[in-house]
Amino acid sequence: MKLCFQLSCPQIIEGFMIISVTSLKGGVGKSTIAQNLAVCFAHSEYSVCIVDVDTNQSALRWSAQRDDDLPAVPVYGLTDGMELSKNVKHLNQSHEIVIIDGTPSLSQVTSKIILLADILIIPILPSGIDVWATEKFIERYRDAEQQKEETIPAYFLINQNQSTNLSKEVKEVLESTGIDVFNTSLKNRIAYREAVIKGVGVYEYKDDKAKTEMVDLFQEVKRAITKLNKESSYGKKRNRA
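Take 1 as the starting number for the sequence shown in the UniProt record's numbering and just add one per residue.
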């Protein structure tokens with residue numbers, strides 16, 4: 001029975017799913033978000049893996065610290081974009097959820113990461129500089145949708161939020177782009193940094209506030225998957241780039 005964090009948990013995966021977590025800006029928490037979402041899926045008894053495309057290989061280092069007694073979250077390092085699509089699709093045959101930890105660049109690898117996504121998560125810090133930096137990414141995202149000839153569901157995620165008012169202002173600006181914004185924002189908590197060092201997610205850690213907000217985000221991601229399933233009769237029928 002799938003762990004549901006004390007909430008209802010219908011079967012949400014009608015076909016195997018690729019979730020890309022990427023942005024053009026470094027330091028926005030892509031790896032931390034990918035790791036923590038993967039942990040939530042693993043505790044819900046889904047087969048999940050992370051594809052680490054970032055040259056820093058943060059997810060691979062996190063995985064090396066992970067205890068074998070915890071739910072499995074295998075991590076594969078694929079920094080060479082040449083075989084990325086082929087390798088991700090191969091992994092998606094044996095894992096219900098593949099989470100791509102993207103690289104902060106305008107390279108063709110970023111385009112492939114977007115094209116591969118069934119759901120795209122775009123982390124962003126609540127600052128004017130970070131909002132401005134999304135403009136180039138949105139252009140690349142729109143180009144990918146045209147190439148794929150279908151909508152790629154995308155969601156901004158405000159990370160390291162320290163001010164409710166600032167978060168609200170940033171959310172309004174992001175919503176004006178036509179891309180959805182998750183209601184959940186992640187606070188700037190030391191628990192996230194400590195959990196990474198120990199090879200765990202905050203769901204497995206001692207900070208209840210961090211755990212609660214990550215569970216809230218996970219529930220939003222599940223609802224996004226459910227929405228995608230209903231709108232597209234998902235399964236294996238969706239186009240693959």
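Keep in mind the hints are simulated off the structure, nothing from the lab.
Note that beta-carbon positions come from the ideal geometry of N, C-alpha and C, so glycine has one too.
Take these hints with a grain of salt, some might be off.
Stated by the list, open to error - Lysine-lysine pairs mimicking DSSO-like chemistry, simulated, CA-CA at most 30 Å apart:
id, residue 1, residue 2
1, Lys86, Lys168
2, Lys209, Lys148
3, Lys209, Lys198
4, Lys25, Lys148
5, Lys86, Lys209
6, Lys198, Lys136
7, Lys168, Lys89
Stated by the list, open to error - So the derived label-pair ranges between C-beta atoms look like this:
id, residue 1, residue 2, range
8, Ser85, Thr226, 36 to 44 Å
9, Lys89, Gly27, 27 to 35 Å
10, Gly26, Thr164, 24 to 32 Å
11, Gln162, Gly26, 16 to 24 Å
12, Thr151, Ser85, 18 to 26 Å
13, Glu231, Ile190, 22 to 30 Å
14, Asp69, Gln93, 32 to 40 Å
15, Glu149, Ile190, 41 to 49 Å
16, Asp143, Lys206, 37 to 45 Å
17, Glu169, Asp69, 41 to 49 Å
Now the hints, each set against the structure:
1. Lys86 <-> Lys168: violated (40 Å)
2. Lys209 <-> Lys148: violated (39 Å)
3. Lys209 <-> Lys198: Given pair Lys209, Lys198 holds - Cα atoms ~18 Å apart, limit 30 Å.
4. Lys25 <-> Lys148: holds (24 Å)
5. Lys86 <-> Lys209: Roughly 39 Å between the alpha carbons, so the hint for Lys86 and Lys209 is violated.
6. Lys198 <-> Lys136: violated (35 Å)
7. Lys168 <-> Lys89: With Cα atoms ~37 Å apart, Lys168 and Lys89 exceed 30 Å; violated.
8. Ser85 <-> Thr226: 36 to 44 Å: violated (26 Å)
9. Lys89 <-> Gly27: 27 to 35 Å: Cβ of Lys89 to Cβ of Gly27: about 30 Å, so the range 27 to 35 Å holds.
10. Gly26 <-> Thr164: 24 to 32 Å: holds (26 Å)
11. Gln162 <-> Gly26: 16 to 24 Å: holds (19 Å)
12. Thr151 <-> Ser85: 18 to 26 Å: holds (19 Å)
13. Glu231 <-> Ile190: 22 to 30 Å: violated (39 Å)
14. Asp69 <-> Gln93: 32 to 40 Å: With a Cβ separation near 27 Å, Asp69 and Gln93 fall outside 32 to 40 Å, so the hint is violated.
15. Glu149 <-> Ile190: 41 to 49 Å: At 44 Å between Cβs, range holds.
16. Asp143 <-> Lys206: 37 to 45 Å: holds (44 Å)
17. Glu169 <-> Asp69: 41 to 49 Å: Since the Cβ atoms of Glu169 and Asp69 sit about 44 Å apart, the hinted range of 41 to 49 Å holds.
Taken one by one, the earlier hints fail for this structure at numbers 1, 2, 5, 6, 7, 8, 13, 14, listed in ascending order.
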